[in-house]
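If you read the protein sequences in the order shown, they are chains A and B.
Residues 2 to 117 (my numbering) are what the first sequence spells out, left to right.
Residues 40 to 150 (my numbering) are what the second sequence spells out, left to right.
Treat the hints with care, since some could be wrong.
Said to hold, decoys possible - Derived coverage of chain A by chain B (criterion: at least 3 residues anywhere in the stretch with Cβ under 8 angstroms from a Cβ of chain B; other residues may be distant):
1) 43-49
2) 106-113
As the list claims (entries may be wrong) - Pulled from the structure, derived: some chain A residues nowhere near chain B, Cβ distances all over 10 angstroms:
3) GLU59
4) GLY61
5) PRO68
6) SER70
7) PRO72
Simulated from the structure, these hints should not be mistaken for laboratory data.
All residues carry an ideal CB built from backbone N, CA and C; glycine is no exception.
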Amino acid sequence: SAVISQKPSRDICQRGTSLTIQCQVDSQVTMMFWYRQQPGQSLTLIATANQGSEATYESGFVIDKFPISRPNLTFSTLTVSNMSPEDSSIYLCSVEDPDSSGNTIYFGEGSWLTVV
Amino acid sequence: QKEVEQDPGPLSVPEGAIVSLNCTYSNSAFQYFMWYRQYSRKGPELLMYTYSSGNKEDGRFTAQVDKSSKYISLFIRDSQPSDSATYLCASQMDSSYKLIFGSGTRLLVRP
């Protein structure tokens, strides 16, 4: 399985600021995904990021709030813009398994954001 | 109604017990079913991955899917304190990478 590294692992952010989360994978992958896990809630897909194309956002998530970059096959960033306390969540990068013919998805350790 | 429902627990069992974790789902188009384990302050770790109905075994873990009743189960034999974590079930449609998660069941295995 792919090794997924996320930075920062945790941060405390001021209301109204923006933070960019980085995701690095140790192998080339076509599909990268960003999920959100709010306190006590399940994981929800924010968007799918493919290299060379605009990210595809799920219902309820917009590019202005969560801009995503995917400059190559091993890296992606998610920015959480103009943060409010409701954005306090774990943000998780995930990838499809490059060695699997199935739909296996692996997750990074997550970036724990607290907005004050 | 959520597409994947899961009892949040917590579920507390003594060491060595057989644990049964369950989910139900509503979308008949789901074809892939996963179980993830999430330790506190860690990302989800893929435990089991099943396609369509049937059983799959891996060591102490058995995943079971019954598509006729839309029921997903994970059994843990000889449970250990190190199994204490939140267990997340997830479902996925064919030709889609999007995972639909349950809310997770917190499991505590008492020494």
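With d taken as the least Cβ-Cβ distance between SER70 (chain A) and chain B, does d exceed 10 angstroms?
holds, 19 angstroms
Beyond 10 angstroms on every Cβ pair: is that true for PRO68 (chain A) relative to chain B?
holds, 20 angstroms
Under 8 angstroms between beta-carbons, do enough residues of the stretch 43-49 of chain A, three at least, approach chain B for the coverage claim to hold?
holds (count 5)
Cut-off 8 angstroms, C-beta pairs, minimum 3 residues; does the coverage of the stretch 106-113 of chain A by chain B stand?
holds (count 7)
Was GLY61 (chain A) rightly flagged as not at the interface, with every chain B Cβ beyond 10 angstroms?
holds, 13 angstroms
Beyond 10 angstroms from every Cβ of chain B: is that where the Cβ of GLU59 (chain A) lies?
violated, 8 angstroms
With 10 angstroms as the threshold, tell me whether PRO72 (chain A) passes as away from chain B on beta-carbon distances.
holds, 20 angstroms
Violation of the numbered hints given earlier is confined to hint 3; every other hint is satisfied by the structure.
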